[in-house]
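A.B. asks: Spelled out, the chains give:
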Amino acid sequence: MKESIYTTVCPGCSIGCGLYIRESDKGAVSVDFLKSSPVNLGKLCRFGMRLPHYYSRLVSGKAEGQDCGTEDAVRAAASRLKGAGKIAMLSVGNTTCEEHIAFMKLAETLGTVVHTGIPVYAQLPPECHPHLEGMPFIDIENAEKIVLFIDPYVQYPLLVRRLLAAKRNGAYIISAGRTELHLAHENRKLSPEQCAELDLDSGSLIITDVHPHTDPCHIQQLLNIALDTGARLQVMKPFVNSEGADRLAKSRAGMMGISQIMSGIERGDIRTLVLLDSDPVELMPDTSRAVEVLKKLEDLIVISSRDSPVNAIADVVIATEPLYRKKGTFINAEGKLQENSGQGIDGIDAISMLSRELGADGFDHRQVHGYLHERMIETLASENRKPEYCRMECGTVPAQQNGACTLEYMYNPFMWFSQPDDNGFVLLDRGMVKSLRLKKGGTVRLDSEKGSMDMRYKVEKVPEGTILTGRKLPIATATVTKIKAEGC
Amino acid sequence: MVRVGDKLIGYATDPDVRSRGASGGLVTAVLAAALEKGLVEGVVVLKRIDEYEAIPVITDDVQEVLASGGSMHAVPVNLAKYAAGRKIAMPGKPCDVRGVIEQAKRNGVDLESTYIVGLNCGGTMHPVVTREMLVRMYETDPEDVAGEEIEKGKLIFRTKDGEEKAISIDELEDAGYGRRENCRYCTVKIPTSADLACGNWGVIGEVAGSATFCEVMNEKGKRLLDNAIDVGFVEVRPADGKAIAIREKVNSAMLKLGDEWKERVFTGIPDQERLTYYMEQFADCIHCGACKEVCPVCTCGEDSKCTMFHSLADNYRMSMYHMVRLLHLSDSCIGCGQCSDVCPVDIPVTSIFRRFADPAQKKRNYEPGMDLTRPPFLEVMLK
Ligand SMILES: Cc1cc2nc3c(=O)[nH]c(=O)nc-3n(C[C@H](O)[C@H](O)[C@H](O)COP(=O)(O)OP(=O)(O)OC[C@H]3O[C@@H](n4cnc5c(N)ncnc54)[C@H](O)[C@@H]3O)c2cc1C
Ligand code: SF4
Ligand code: SF4
Ligand code: SF4
Ligand code: SF4
Chain A
1 MKESIYTTVC
11 PGCSIGCGLY
21 IRESDKGAVS
31 VDFLKSSPVN
41 LGKLCRFGMR
51 LPHYYSRLVS
61 GKAEGQDCGT
71 EDAVRAAASR
81 LKGAGKIAML
91 SVGNTTCEEH
101 IAFMKLAETL
111 GTVVHTGIPV
121 YAQLPPECHP
131 HLEGMPFIDI
141 ENAEKIVLFI
151 DPYVQYPLLV
161 RRLLAAKRNG
171 AYIISAGRTE
181 LHLAHENRKL
191 SPEQCAELDL
201 DSGSLIITDV
211 HPHTDPCHIQ
221 QLLNIALDTG
231 ARLQVMKPFV
241 NSEGADRLAK
251 SRAGMMGISQ
261 IMSGIERGDI
271 RTLVLLDSDP
281 VELMPDTSRA
291 VEVLKKLEDL
301 IVISSRDSPV
311 NAIADVVIAT
321 EPLYRKKGTF
331 INAEGKLQEN
341 SGQGIDGIDA
351 ISMLSRELGA
361 DGFDHRQVHG
371 YLHERMIETL
381 ASENRKPEYC
391 RMECGTVPAQ
401 QNGACTLEYM
411 YNPFMWFSQP
421 DDNGFVLLDR
431 GMVKSLRLKK
441 GGTVRLDSEK
451 GSMDMRYKVE
461 KVPEGTILTG
471 RKLPIATATV
481 TKIKAEGC
Chain B
1 MVRVGDKLIG
11 YATDPDVRSR
21 GASGGLVTAV
31 LAAALEKGLV
41 EGVVVLKRID
51 EYEAIPVITD
61 DVQEVLASGG
71 SMHAVPVNLA
81 KYAAGRKIAM
91 PGKPCDVRGV
101 IEQAKRNGVD
111 LESTYIVGLN
121 CGGTMHPVVT
131 REMLVRMYET
141 DPEDVAGEEI
151 EKGKLIFRTK
161 DGEEKAISID
171 ELEDAGYGRR
181 ENCRYCTVKI
191 PTSADLACGN
201 WGVIGEVAGS
211 ATFCEVMNEK
221 GKRLLDNAID
231 VGFVEVRPAD
241 GKAIAIREKV
251 NSAMLKLGDE
261 WKERVFTGIP
271 DQERLTYYME
281 QFADCIHCGA
291 CKEVCPVCTC
301 GEDSKCTMFH
311 SLADNYRMSM
321 YHMVRLLHLS
331 DSCIGCGQCS
341 DVCPVDIPVT
351 SIFRRFADPA
361 QKKRNYEPGM
371 DLTRPPFLEV
381 MLK
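Sequences listed follow chains A and B, in order.
Each residue of the first sequence is one higher than the one before, starting from 1 at the first, in full-length UniProt numbering.
Each residue of the second sequence is one higher than the one before, starting from 1 at the first, in full-length UniProt numbering.
Just chain A, with the same shape it has in the complex (with noise of 0.2 Å):
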């Protein structure tokens, strides 16, 4: 009858909602409730609820082919990487603090940099970055005007509340995203550059996010406005500790988007490639495709606590604790430290073996803990005094062609970590449903290059020609692919 309660956050994106992970002595993971959670009350969304599925598959350690434990599998990993060149490491945030300075770390021994795979940090000049940085959820409550680039709902679910909190408080908000929102006043198609007819100023807050695919044009187009207006630019992240990942990188000289590092694999520039908790398959948005370019690599080298789909064609997997037995911190998408009760120390035990192998200085817990503390000191003194940075020339996001049909993802947990969710359906607006002449409750056939599929769909209001998926579909090419729609 003995139980092991961890006190940890949701690995489902950096809003960071504390919960309980209850294991039992059979090994069966459970979750509940963590009602002094500031973050969250401890309420949680459908992927939160749905954790005892996304830890339920356990990762097992191999080297070439072979099942093996971690100082085997660690030892592969060290004789693949001694005199390997055209490195890569990836390390999303999907860790603890701890794991990637750790990571980074190694990436020192080896000459490299650790990439987030967020384009928009390799692409936007160092001054706007701290710009970039979470706000206190709070902060949103109290805002006056708000608009929206992202579908709270679906993507960060644990900010519905906030919003509600600032409409109950007297804020006017805005939906500027791709569908049309409940809570919001009102709902237009905007683009970021014309935010500039909404009448922002210093009490109004622009909500959007940062993930591997979002467009630097965006962004910059958003800091411009918040330079003409005063408005405040609250910037989400898709994964627990991507905020944590992007603070602690010192430097952002060399680092790469995921499509970047994908397109280095194809050209060969990149040859071995070390990922930490970080799945180039489940993060692509062609999954077949991207599975085809990391097979061009000669080194596929795995650190991670869970079994996603690279672990079936990486050489090496060192397998490491579910992150819920981790000992460390996060950062959330508010700025906010958060630490797990958990004392296993299995990650950072293997990078630090790793780095004995490569011939460098072995490391503890303690150690990247203090680097931790140094890092956090010098952000927070760096807090109240962010850089200027100046209004920046920037291309358009390209419109979208009359007539065109495209499918377009709306990124959230799910799609992330390929999880399985009951949103086996697309979205698309009346207009379509008539012009197919779709059925009640039947399907509509999606045409693309790469072949075709049967989805039920939803009638929502959305842009005229688009189609909307909130899970990965096999006939996509990109975040964006044009396809063909039929009645069926």
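Keep in mind that the hints were calculated from the coordinates and are not lab data.
Please note that a few of the clues may not be correct.
[As the list claims (entries may be wrong)] Listed below are the simulated EDC-like cross-link pairs for lysine to aspartate or glutamate, each with C-alpha atoms no more than 20 Å apart in a straight line: (1) B:K152 x B:D170; (2) A:K2 x B:E36; (3) B:K87 x B:D161; (4) B:K305 x A:D421; (5) A:K458 x B:D284.
Dock chain B with the ligands against chain A, hints included.
C.D. replies: Leaving out everything else, chain B with the ligands in the frame of chain A:
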């Protein structure tokens, strides 16, 4: 030997357990004795994390039970779900006890092997709201708090340096703090459907604060208490007339207050506005399913009508999930507040459900969770 119906004043014999307990440690001692003597295989205890947080665990370790005393007013958990499928003893506020009884009616719990030591309950508060209340109303740092208690309608916080501050619960609630909304209109304050009903109402004189008023509700309660007395964990004596009268008086006053709140919240909805009302209330629902997961009277598990008839792809004007749940729980919702607590978009689910269920329950004079003799009325009607 005690008898069913006895009203007693008692406490734990171990001075540590007695002083750590909320009022004499009798409940802790009774639970520990049940485990010690093999009456049960495990005990549900609240594992304290700090002043505002505790998590229910099931333990077979007597020492862990003995260390678990004290009432946590800022821990609005419901323990009923932890009872399912196990031979256990548990403490329980009226809503915990009622949850267990409703589960027993649906074969989710075997009451023969589940022992419940009931706790009177004036209400619980949300931990984050409590912290905010401490800062705003008590001008006290939540980290400085060393304990809290409710006395004579006032909520009293004691700081680590021994200072006490008291504010009336009415004043706190007028300012939007205090008890959760559902606790304000909760209709059961003494858990008469438990095996023992324990509380501090009626504990007066020199034992005030260090003993518990305990009513033996049934044979199982008698077994529990006799067992605890036999192993020397507990001492009891009969409560005198004055103690009994005071307990009754406070209970009546609390119930009256609850009825006043009910009238305020459960106003009728005109027929022609009903659909719009429910559509509007649930418009922001993200269908996380948390309200079903935590509901202590729901025993359906994965294969449930509300999820079976509902699909996210549906374009119904009102979610079938809620439509089915409203109907399905109309005979069993006990207003425990769990669903509102966990709703990620702050829908006042409990008030909506209780408001829906109230007229039907009232019409049939049916109070869910009070005894096993009356089956769920929807079941009877369908037969
Ligand atoms: C939230 C709450 C409100 C109460 N309000 C009243 C009241 O208005 N009038 C009255 O007469 N008595 C009330 N009581 C009961 C009273 O405070 C004592 O619990 C009771 O007198 C037994 O005292 P004890 O020393 O024997 O209990 P203890 O030996 O201290 O044992 C208390 C038991 O309660 C459990 N417990 C603690 N907090 C909770 C919780 N939040 N939910 C479920 N179980 C919990 C503990 O795990 C422990 O098993 C309340 C109790 C609680 C928990
Ligand atoms: S996915 Fe995000 S919003 Fe949902 S529970 Fe996890 S952290 Fe919270
Ligand atoms: S619902 Fe009733 S029994 Fe439950 S915590 Fe609130 S007042 Fe106590
Ligand atoms: S519906 Fe809500 S208030 Fe009613 S019993 Fe279930 S959880 Fe409690
Ligand atoms: S908890 Fe709230 S959001 Fe979740 S299903 Fe229930 S009402 Fe909807």
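A.B. asks: Look at each hint and say if it fits the structure.
C.D. replies: Hints and how they fare:
The hinted pair formed by K152 (chain B) and D170 (chain B) meets the criterion: a straight-line CA distance of about 12 Å does not exceed 20 Å. Of the supplied pair hints, the one linking K2 (chain A) and E36 (chain B) holds, its CA atoms being roughly 17 Å apart against a limit of 20 Å. Only pairs whose Cα atoms come within 20 Å are accepted, and K87 (chain B) paired with D161 (chain B) is rejected, the gap being roughly 43 Å. For the proposed pair K305 (chain B) and D421 (chain A), the alpha carbon gap of about 19 Å is at most 20 Å, so the pair holds.
For the hint pairing K458 (chain A) with D284 (chain B), the CA-to-CA distance comes to about 17 Å; that is within 20 Å, so the pair holds.
Hint compliance for this structure: hint 3 is the single one not met.
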